[in-house]
Amino acid sequence: MSALDNNAKEIAGDAGSDGGATSSPEINTKEQDKGPAGPVILFFIVGLFASLILGWIIFPKLLYSKKKQPIDFNHVMHMAEVEDGCESCHFFREDGTYSGVPKLDQCIDCHEEIQGDSPDEIKFVEEYVSKGREVPWLVYSRQPDCVFFSHVAHVKVAGMDCVTCHGHIGESESLKIYEENRITGYSRDIWGKSIGGFKKNTWDRMKMDDCAECHRKMTANIERTGVKTPTKRLIDHLVDVVSPGTSMSEKGSSVQTERGACFVCHK
Amino acid sequence: MKHKNAKKYGMVIDLDKCTGCGSCMVACMAENNVPFRKDESNKVLSITWLRVYQLTNGKPFPNTDICYLPRPCMHCEGQHEGHSPCVSVCPAVATDYNTETGIVSQIYTRCFGCRYCMASCPYHARYFNWWDPVWPDGMEKYLSPNVSPRMRGVVEKCSFCFHRYQLAKEKAFKEGRREIKEDEYQTACTQACPAGAITFGDLNNPNHAVSRMVKPDPKHHGRPTNPNAFRLLERLGTNPKVYYLSSREWVRRAGDNYLENEAKYKKTVHQG
Amino acid sequence: MKIDRRSFLSFLLGGAAGTALSPLPWKLTDDSSIWTQMWPWTPVPEDGEASYVNSSCTLCPGGCGITVRKIDDRAVKIEGMKRHPVNNGGLCSLGLSGLQLLYGPTRVKTPLKRVGKRGRGRWEKISWKDAVSEVAKTLGDLREKGQSHTVGFISGSDRGTVPRLFERFLTVYGSPNLIRTPSIIDSYELALHLMQGAQALPGFDFENANFILSFGSGIVDGWGSPVRMFRANSAWRDTGGKVIQIEPRLSNTAAKSDKWIPINPGTEAALALGIAHIIIKESLYDAEFINNYSEGFEDWKAFVLGEYGPDSVATITGIDSTTIIALARSFARASKPLAICGRGQGTTPGSLNECTAVHALNALVGNINKKGGVFAVAEPDYINWPEVEMDATAAAGMQKNRLDGAGSKKYPFSRYLLNRLPQAINSGKKYPLKALFVAGANPLYTMSDSKAVKKAFDKVPFIVSFSSYMDETAQNADLILPNHNYLERYEDIPTPAGMPQPVIGLSRPVVEPQFNTKHVGDVIILLAKAMGGTLSDAFAWDSYDACLKETMGYKWQVIIEKGFWSYPDFVAGPREESFDTVSGKFEFAPKETGSLKPFKPVKIEGDKTNYPLLLMPYDSIRLANGAMGDPPFVMKSVDDTVLKGTDVFIEINPKTAGEHGLREGQLAMLSTPVGQAKVKVHLFDGIMPGLVALPRGLGHTAYDEYLAGKGINVNELIGPVEDPVSGLDAAWGVRAKLAKA
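Residue numbers (my numbering), protein chains in the order written: chain A, 1 to 267; chain B, 1 to 272; chain C, 1 to 741.
Be aware that a few hints might be false.
Subject to a maximum C-alpha distance of 30 Å in a straight line, what follows is the list of computed DSS-like cross-link-like pairs (lysine-lysine) [said to hold, decoys possible]:
#: 1; chain 1: C; residue 1: K70; chain 2: B; residue 2: K174
#: 2; chain 1: C; residue 1: K70; chain 2: A; residue 2: K103
#: 3; chain 1: B; residue 1: K171; chain 2: A; residue 2: K207
#: 4; chain 1: A; residue 1: K156; chain 2: B; residue 2: K171
#: 5; chain 1: B; residue 1: K181; chain 2: C; residue 2: K70
Calculated from the model, a selection of chain A residues having no Cβ within reach of chain B, i.e. all distances over 12 Å [to be verified]:
#: 6; residue: F49
#: 7; residue: L54
#: 8; residue: G85
#: 9; residue: G116
#: 10; residue: R182
#: 11; residue: K199
#: 12; residue: T202
If you're looking for bench data, these hints aren't it; they were derived computationally from the structure. Glycine included, every Cβ here is placed at the ideal spot set by N, Cα and C.
Looking at chain A on its own, in the form it has when it is part of the complex:
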């Protein structure tokens, strides 16, 4: 907070002198009339703190509405049952497209009848399976319609794992609350939990900058070494897929940005 304080003092000082020595005598007179600067500074600090509290604490509470998933889901339990890890349920279709959240058809093999005594499973079978209704899952990583993201390019070609972007959701025993941005309608997970946009892990945020950050790193690696080890080749693939051409030259394939072409990821 010390930086803020200094800042505040500076501004408070400025209120009287407007940049120091060149201030007009008229203003100085007024200042003398009104007495000491104490209350003024106080008000400034009150304003400052109020807005900081508003921006950092109240604003996120107002911005996001909390929604519960229609039913809870235990990833850990399901992971124990399947053989191919995430791809057992979140698989690639034959045409290379990514299936995303499983549809009822995939669940029905096991869940035609109620298996255990979990209330969520009972609800799932009774309200969705037997009625043939798809579960209206709230998808944490849902991106706007203008985004085209190729899972196959990242997973199959570049050999990335799911955790890099999606975190350890596969190790969760229940689904967290879905926080929906009241303005945009997308999940809080896109911007990230931190309202300030800070992130510790690669999976903390899913904004365009986060894609770019990773891609820049990969490109830089290649340019630095120039040697194509198997890992580098993998990275090379990844970069080439998302922004074709960048891995082979200093410039990207976009004439406008000299980076990756916009429509590789935007539709």
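Guided by the hints, dock chains B and C onto chain A, whose structure is given.
Below, chains B and C without anything else, positioned relative to chain A:
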């Protein structure tokens, strides 16, 4: 070539085969979620990524002749790579030239509707959404998830069905391939044309039908060496990637806006 | 503590600084920009698994194979089926926009019963059960009164299981009045019947022909099976095949042809005979065929040589004699010549003499049932249902003469004469029509002389429409029993128009029925069961799908997998067995046709003094003019020189326009003896002076706001002209006048 594997997707339209039936226009609208309105007879306002124009030789009966000319986006390359008329004026980085495919893209969400690109496009290939699109009563059910519906206030245009390229790539990746085959990426208009008048492929690949048909001359910005081939407004130097074939000279002349008594046709286009 | 102005300002300043240091402004900016880029009212199409379903398009008789792309359970795109014998991947604009019909606002979503006056558009929803029992009751009452013959049925086709169910129903019920909508196929069927003794469809081997002499047929304007014709036309460009187009207007076909020969409208038959004259005179004909397999050649030869010298033909047709002679020679000398007729899309049957004259040209060059020629293609005989048992009422009903006069003494060879129906009803001379069913047709829009048609329909007390869409006929019905859309139902599609080999296509459900509709086949079965007796006996199937499956037998599995059943080994029988006439040979001049009488052009309505111009309808592939109207996408492709706002343009030669003092874009009043309409003027050099042309397919009063109320229905301006031999509509135009509006 900057990029070793750079492609240059282009189109060849055989005007001797084109019958003006309009299938390409409709296939494009259906593929790309193009909106429609009650009255579409004002063609300045009517959004048709690919429009079929009717040309006439202007001669009186019975020597009259007509020819149809389908006009998608030309995906101009310009005099140096990517100096397309529209890309160079866009202040919003909403339209872009991709050196890897040669396709001029339009990112609707970046566009803020200044329409400089429309003014600069010599082919009238760009359209502005003056209204929000409205699909009547349940018709939005047929909308394709591969192309974003646009909103009021943005410019849109032919993308050479780039989403089909993306889908073809995804399939190739799944099958462990890096390259896609010629027939795996074809535009909707090419596929639908009942007369087989449209050919699509990589102009950089001598094995692709498009290259064989027009034999582009790389020393002259891809100018066709097939004497029946021409590009629209060749003299502007926009270096388009859509080529036309016609055995009729008046059609080829009409393609470059020659003045009535101008006799430079052969010189400028075929020997130049 | 007093809050003075300075403190307040300071507070605000602190607030501003704090806000700037908080994520609030930056996050709000980001979010609001996302919000403005993704308006909540802009639809976001849901993603899902892509799949493809093969089916057949039934929007026209072309029979194209289609592949429908689906995302989960939504159909998102129709494409042409690759490797299909008809269209091999290509598709026309109507077929491509079929999803706008499936999901569009013009669908009839549930059975509807008229409330209030007919045609006012006020309906009440009724259940299928009530709807079927209401129809059963009306039909039962008529039958009890011995008036079963007063029930009529207008069908878009008479081939395939669905129309055959209609036919079966009417037979057991006791009405001879099943009427198919007309087209050039009627004339061709008649020509094949009279000249070859065949009950067959004409098939044209365009793929192997290399010199096409087209008497106004819109090869690339939607004639025959449109996509197949487009493909053939392109193949001729590659192989050097020639197309000669004979018609007074530069149609797209004429523009694409190797030579366009403008002709005085309605004189095509004379030209065909003039060409025959040269071929005979110069002995360019196929003597082997003529000598061995034809009958009546000598008489016909004498007639043609006597009447149709190039000079007299030149006078009639307006084509100079050297052109006629050159044309005859190049036709006869071509290795695979083929002559065809049927103006535009072949919407009207036309003059029978014209059809026989053109067909005779093919015979002259020995082009019958031969590679590159014309085939008589018998319908594949896969529909073998048990014989029906008719009770006395049915037998009595079937004994009655048809209301349209087909098969009567006057027109003994014609099978269906829809064009004569309005007059038969309006004159009231025969018997009244007490109930009318309409399926796969929109007669109130497609029949010429709209006023007379409307008057006739008004006289029918009970009209039932099976239309999936709110078309003109459905709008004027008493009951609408909506059929599934073609993407929601099974139906067999017998050999498409003009195919030289039999093909059976299959239309199949691509998506679940979207609304409370029922397959028309199922409705007929339900109706028969509700009526009981012999009717119920004749329809023992549980459902239409069961009926179709049983009918197809062993073919079912193949047709389900491939989407069509073809006869790759099909060969037309040897010439010795090809002709089933009395002589067993090809008849050049069957006496029934009166074709040895000198040519008289079909007399069209109107006199020259009052109506100095000729109005001809023209067909455009961008304007559907049959039972279906244009969906929004196809309307969008219509040029602004055809339609502007709600005004349609007539095409007129600048010279003629000048004589009338008309300029481009000017409004004018177009009058004919049948009606009048306000039109705009489009100057077109490619039309013969003295003619005006108006497109078919506009002027709808039904369907949606994207189609209705735009332009003029040309049928309001033109009436039918009976062909003296066939009774079919032979009108190719009407006399007209034009005045500044």
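Looking back at the numbered hints, which does the structure fail to meet, lowest number first? Nothing - there is no hint that the structure violates, so all of them hold.
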